[in-house]
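Protein chains in written order, with this note's numbering: chain A, 1 to 245; chain B, 1001 to 1282.
It is worth saying that the hints were derived from the structure and are not from the lab.
Heads up, the beta-carbon is just placed ideally off N, CA and C, and yes, glycines get one too.
Worth double-checking, as some hints may not be accurate.
Here are the computed lysine-lysine pairs in the DSS-like style, where the Cα-Cα straight-line distance is at most 27 Å [as the list claims (entries may be wrong)]:
# : chain 1 : residue 1 : chain 2 : residue 2
1 : A       : Lys2      : B       : Lys1208
2 : A       : Lys17     : B       : Lys1208
3 : B       : Lys1208   : B       : Lys1223
4 : B       : Lys1076   : A       : Lys242
5 : A       : Lys242    : A       : Lys2
Listing some non-contacts, in silico: residues in chain A with all C-beta distances to chain B over 12 Å [to be verified]:
#  : residue
6  : Ile7
7  : Leu15
8  : Val27
9  : Ile31
10 : Lys37
11 : Ala94
12 : Phe104
13 : Ile174
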Amino acid sequence: MKHSLVIGQRVLRELSKDKRLFGLSIVGPFILIYFLKIFIDSMPPYFPAARYAVPFAAFIVHFFSFILCGIVLVQERTAGTLERMFIAGFSRTAIIGGYVFGYFGLATLQATVVLGETLWLLDLDYGGTTLLLLFVTIVMLSIVSVMLGILASTFARHAGHILPFIPLVMIPSIFLSGLLIDPEQLPTWAEWIGMLLPFRYANNIIQELIGSTFEASVVYRNLLMLAGYICALLIIASRTLKEAD
Amino acid sequence: MNAISITGLVKSYGKVAALRGIDLTVPQGTIYGVVGPNGAGKTTLIKTLVGVVRPTSGTARVLELDPLNDKWALRKQIGYMPQDAALYETLSARDNITFLGRAQSVEDLDQKVSEVIAFTELVSRARDPIHTFSGGMKKRVSLACALIHQPKVLFLDEPTAAVDPQLRARSWELFRKLAQGGTTLFISTHLMDEAALCDKVTILNQGKILLVDSPRDILKRGKTRLSVTSRDQCSQAEIESTPEAIAQKLHEFGLPNDISSVEVEPSTLEEIVLEIIREEPQ
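Excised from the complex, chain A in its bound form (with noise of 0.2 Å):
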C-alpha cells in the first residue's frame, strides 16, 4: 500500500509537470463536451439530451483514461523505468495499484470537469445524492479503464502497439453497451457481448438516476458488478504484468 502511494503521487508530479499531456486530458474532453452540446442544439425540441449526454461524458473518461494510462505504461516499459521499478523493489501489484492512484487523482478532476460542464451546458438538474452517484460511477469507471490500459499494456512493445486497442475495447461500447440505443434492442448474440463490457453497467447506472425516479438496488447492482471488474481486472493485470523474461 505504501509503495502504491508512493508510484501514485510519482504518476501525479509527472503529470502536474507534463503541461502539455495534462492540459490535453483536462481540455480534450472539455472541447469533446462542447463539441456535443452543439450536437444536441441542432436536435428538435423532444431529444433526450441527457438521456445520451452523461453517458457521453462518462465514456469520455473511461477512454482518455484507458489511452493514457496505456501509452504511459508503453513508455514506462520502453524507457526500461519499469524494470528498473521492479529492480528496485516494487512489486507488480504496487506498480498497478501505483497507477490506479495516480490516474484516480487525474480521473476524478476529468470527472468533476466533464460532468460539470455536461451539466452546465445542458442546463441539467439532479439532486445531490443522484450527482454523488453519478460521480462515483464515472471514477470507477475510469479505474477499468486504467485497469483495462495496463492490460493493454502487456501486450504492446511501443506506444502505437495501443492503438487496435481501441477498435476492440472501446469502440464496441459504443455500440453494444447501451450508449445509442437500448441493448434490448439488439441481437441476443450482441447483447452478449454488450454484458462483456464494463461499460454497460456504467450505462444502466447513469439511465437509471438521470430518470425522474431511481431504484437504489439497480444502482448499487450495477456498482458492484464495476467494482467486480475492477477486482477481477487488478488479478490479470497483476499476473500479465511481466516482471522477468
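Given the coordinates of chain A, work out where chain B should sit on it, guided by the hints.
Chain B only, in chain A's frame:
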C-alpha cells in the same frame, strides 16, 4: 565469499542463444568487467543477475541468493544502472533519486539523497528536470539512483557509453572509490580503455566466455612491434609484450652504439580482444 557465482548459465530466446553456458565467479570488492561486441550477451547476463531475465538453465547466485527466488532479499542489496538512463524526464534529478530510494525504504532519505547527489557531483543541477540534462549528466543521475540504498553489488550496463572523456574519467574515479569502500562492481562495456581499468575482465562473444583474466595479463598476450633504426638500416620485429622479451630481442641486434632510437608499440587491449574474438571458430 564470492559476490557473484554463475554455473552453466544458458538463456535462449526461441532459437537464438543469448548465453551459452556461462561459468564465472566474482570476488567481493572487485571491479569486474564484461567485455564484448554488441550482441555478445552482456546485457542479458546482467539482467539475469538482477532477476529480470529468467535463465533457460544453469544457476546464478548473487551474494549467495537466487536472483528470482530470493528477489526481495537480493534487491535490497544490489544496485542496477541500465544501459539507457531509465529516468523520468519531467521530474528533477532529486525527485528521481528520492522515488527509487522510497522503493528501498531508505532511512533518513533526504539526507542520503543529498549525500549521493554530492558524491555524483550533481548539486548544482539537482532540482532541474532530467530533460534538460546532457547524456553524460543523465548517466550520473542514473548512477545516483543505483547508489541511493548503498548496495553491496552494483551492476552497471555500459555506464559510460556516449559520455565525454572527462566525465568518463570522473565516473571511473567514483567507481574506484566505491570498490575501495567494499562495493563489488560488475560492469559491462565495449570500450577497451575502460576494461583496462577493471580488476578482472571476462571476454564474452556470442553468449560464450572466451577468456577471464586481469587486464594486465591479457595485455601480455599481445605482441609488441619493435622497430630498431641504425645509421643505414631499419629492422622491425613483432615480439612478446614483456620487458624480458624486448631485452632479448635487442641483444640479438647487439645494441651497437650507432642505434639511435628504440620504439616500442605494444598491442592495445582492444586489438588483443578483437584478435581473441576473431580466433574463436564461428
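Structure-based check of each hint:
1. A:Lys2 <-> B:Lys1208: Between Lys2 of chain A and Lys1208 of chain B the Cα gap is close to 42 Å, so the pair fails against 27 Å, i.e. violated.
2. A:Lys17 <-> B:Lys1208: 45 Å, violated
3. B:Lys1208 <-> B:Lys1223: It holds: about 25 Å lies between the C-alpha atoms, which stays within 27 Å.
4. B:Lys1076 <-> A:Lys242: Satisfied, since the Cα-Cα distance of roughly 20 Å is no more than 27 Å.
5. A:Lys242 <-> A:Lys2: The hint holds at about 21 Å.
6. Ile7: Per Cβ check, Ile7 of chain A is inside 12 Å of chain B; nearest 8 Å; violated.
7. Leu15: Leu15 of chain A not clear of chain B: closest Cβ-Cβ about 9 Å, inside 12 Å.
8. Val27: Per Cβ check, Val27 of chain A is outside 12 Å of chain B; nearest 18 Å; holds.
9. Ile31: Consistent with the label, Ile31 of chain A stays out of reach of chain B, its closest Cβ about 24 Å off (over 12 Å).
10. Lys37: 33 Å, holds
11. Ala94: 9 Å, violated
12. Phe104: Its Cβ never comes within 12 Å of chain B, the nearest being 19 Å, so this holds.
13. Ile174: 33 Å, holds
The earlier numbered hints that this structure contradicts are 1, 2, 6, 7, 11.
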